[in-house]
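Asks: Build the full structure now, drawing on both the sequences and the hints.
The listed protein sequences correspond, in order, to chains E, Z and A.
If you read the first sequence in numbering that gives the first Met the number 0, its first letter stands for residue 0, the second for the next number, and so on.
If you read the second sequence in numbering that gives the first Met the number 0, its first letter stands for residue 0, the second for the next number, and so on.
If you read the third sequence in numbering that gives the first Met the number 0, its first letter stands for residue 0, the second for the next number, and so on.
The hints are simulated quantities; they were obtained by calculation from the structure and are not laboratory data.
The beta-carbon is built from N, C-alpha and C at its ideal position, and this holds for glycine as well.
Some hints could be false.
Claimed, not checked - Some chain A residues close to chain E (C-beta under 7 Å, calculated; not the full set):
no., residue
1, Thr1
2, Thr12
3, Pro14
4, Pro40
5, Gln42
6, Gly216
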Amino acid sequence: MTVVTLTTDFGMTDPFVGIMKGVLATRAPDATVIDVSHGVPPQDVLAGALVLRQAVPYFPPDAIHVAVVDPGVGTSRRAICVATTAGTLLVGPDNGVLSLAAPPDSVAKVVHLTQERFFLSPRSATFHGRDVFAPVAAALANGTDPAALGPAIGDIERLALPPVARSAGSLTGQVIYVDHFGNLTTNVAESDLMGEVTIGVAAVRVRGVSASYAAVGRGEPVAVVNSWGLLEIAVRDGSARQTVGAKAGDPVTIERR
Amino acid sequence: MTVVTLTTDFGMTDPFVGIMKGVLATRAPDATVIDVSHGVPPQDVLAGALVLRQAVPYFPPDAIHVAVVDPGVGTSRRAICVATTAGTLLVGPDNGVLSLAAPPDSVAKVVHLTQERFFLSPRSATFHGRDVFAPVAAALANGTDPAALGPAIGDIERLALPPVARSAGSLTGQVIYVDHFGNLTTNVAESDLMGEVTIGVAAVRVRGVSASYAAVGRGEPVAVVNSWGLLEIAVRDGSARQTVGAKAGDPVTIERR
Amino acid sequence: MTVVTLTTDFGMTDPFVGIMKGVLATRAPDATVIDVSHGVPPQDVLAGALVLRQAVPYFPPDAIHVAVVDPGVGTSRRAICVATTAGTLLVGPDNGVLSLAAPPDSVAKVVHLTQERFFLSPRSATFHGRDVFAPVAAALANGTDPAALGPAIGDIERLALPPVARSAGSLTGQVIYVDHFGNLTTNVAESDLMGEVTIGVAAVRVRGVSASYAAVGRGEPVAVVNSWGLLEIAVRDGSARQTVGAKAGDPVTIERR
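Replies: Right, dumping it as structure tokens:
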């Protein structure tokens with residue numbers, strides 16, 4: 000039983016994800032298909048890459064992960080399959096969406112998906128999730144060697160999270176992801192939070208990093224190290240997005256006290 | 000392993016879809032249940048019919064498709080099962096929601112679902128997805144002959160997409176579906192787009208049909224033939240719904256240049 | 000094949016639910032995982048408890064139900080597993096979210112989940128759905144005896160739906176759940192609706208309980224007994240939330256005519 004996961008910006012209102020699952024059910028009926036997320040903001044390749052990076056470690060190492068955030072669909076951007084040294088396969092457009100889940104030292108092989116006999120025919124100009132990536136994932140789930148899908152290539156497009164700026168006694172990061180609860184995930188790692196710190200985002204100042212959301216009163220802002228190992232600003236039983244008024248891209252300052 | 004698909008207007012916030020899956024897991028544990036979409040606009044039977052029509056061809060031919068967009072639930076509207084000549088079974092209310100996926104020449108048999116022993120008991124007046132359609136789909140997945148579910152009937156309620164109006168050198172269609180990206184799908188088929196055309200929707204004019212979204216600059220409107228084989232007006236890396244300001248039902252004109 | 004269900008307030012935009020499924024697919028690959036709902040309003044433990052109560056009866060009696068609405072994550076609130084006399088297992092935080100699905104006379108055993116060897120390590124302070132509840136559910140799906148997961152305890156936190164106030168000839172309940180359609184579910188049971196009644200909510204008065212939504216004209220308010228056996232105020236082919244202007248917590252009066 001092979002696991003195939005799906006990460007897209009397709010949302011859940013249209014039948015697009017369901018149609019991809021139809022292709023998989025038709026061509027690889029024994030695969031188990033799992034949704035990682037279809038709520039990646041439209042065309043936000045970096046957010047898709049971040050979501051995929053956070054999810055992959057919790058799946059079986061031999062899983063096949065399909066990620067389709069693909070504003071260049073129908074152009075000459077490449078379709079690729081990345082095989083990692085752990086035995087994981089990543090399938091999607093070569094626009095960086097796979098890159099955070101496959102750091103350079105983890106890449107065993109990259110294949111440019113050119114063998115059209117694995118695709119649906121005719122192939123649309125707007126929905127390669129259905130016409131290219133789902134059928135390729137089905138072939139891989141059925142045991143097709145990635146090498147059969149096209150020529151090996153030496154590189155993939157890479158994206159990077161924005162870096163944290165460091166100066167004496169302070170550090171400036173940013174909000175990189177805002178979740179359903181309105182929690183603000185930053186690019187500041189736990190290892191950047193030594194000692195007593197004050198965290199600033201928009202007009203809000205939070206003293207120290209707490210052990211849980213419930214360390215403060217209801218409606219109060221709180222900083223925690225979240226499940227991704229990153230600094231998060233939340234509001235207990237509330238929404239930091241609304242209360243703090245911050246969004247992805249906004250600066251976050253960490254000052255030593 | 001039989002595939003059962005679900006298409007509804009139930010949305011994803013409530014437990015209604017989960018409860019239907021509970022009935023299926025209880026009565027047909029070997030079936031594979033796949034969501035086509037639960038984002039059909041509430042009570043929009045035609046949108047549900049369109050979604051189902053687009054999805055069915057990508058599923059195994061022996062799949063069982065359940066569609067519940069059912070504003071007449073609890074009234075005397077019939078519950079039916081349509082068997083197609085391809086071996087596909089469609090289950091839902093007889094209000095047209097199944098009709099676009101089952102054109103007249105593809106219908107092998109229609110059964111009026113009257114055999115209450117296949118339903119849950121008691122049966123509510125508001126949730127036949129749970130009480131009628133899921134248990135009937137479970138019975139079908141377990142191999143029950145549709146003929147056991149009720150008497151054969153000769154006709155079903157049919158809906159039609161709005162027609163395209165043609166005149167010399169021009170053609171007027173309409174927006175029939177707006178997706179999560181804000182892309183505007185029209186009822187104009189690829190075969191209606193011969194030669195050099197200018198497409199008009201709201202105050203926007205688009206010259207020609209492009210090969211991909213990326214044929215224009217970011218934020219610019221673009222016309223493509225989409226994955227349903229229909230003319231679509233989109234905005235590159237944006238939302239045509241917002242930028243163009245159009246919605247389902249709005250007219251779209253095609254003029255030969 | 001064991002069924003594991005998931006009920007959370009995580010929403011569908013983030014990868015949180017997908018990551019829980021990754022843990023389950025890794026540790027209990029033979030389990031069938033079904034979403035009950037991830038649209039419980041954030042931190043609304045009572046709504047989660049109500050959703051779980053409505054769903055459990057429609058699943059196989061040996062199913063494992065995981066419910067994570069957990070504003071106290073990371074604090075000393077207990078994690079528990081409730082075994083019912085029917086053979087059902089309920090897993091979640093001990094904050095009441097499991098309590099409506101497990102009335103006192105149905106509880107066979109309660110276990111305090113303390114055996115950390117069943118959890119992921121390290122364990123985050125913010126996502127016990129991933130680190131505690133999914134791996135525990137996987138262990139249970141694989142046949143682990145609940146008694147192996149920690150010591151038996153004698154009680155769980157309990158929540159109750161608000162009671163209905165009764166006086167001569169009238170009764171006051173409230174809206175307890177508003178669904179995707181804008182239908183208003185109340186805490187008034189079918190047995191409270193004897194005789195001819197007039198139902199009031201906000202400024203709207205509805206005469207009598209109808210057999211279906213279609214008993215009134217389009218856009219008109221209607222009262223029905225819904226699929227949960229409770230009085231519901233709806234608007235035919237519309238939204239009572241919008242038309243009536245009511246929300247969860249608002250009073251509903253029932254007067255005998």
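Asks: State for each hint whether it applies.
Replies: Going down the list of hints, with the structure as the test:
no. : hint   : in the structure
1   : Thr1   : violated, 14 Å
2   : Thr12  : holds, 3 Å
3   : Pro14  : holds, 4 Å
4   : Pro40  : violated, 11 Å
5   : Gln42  : holds, 5 Å
6   : Gly216 : violated, 29 Å
Hints 1, 4 and 6 from the list above are not met by this structure, while the remaining hints are.
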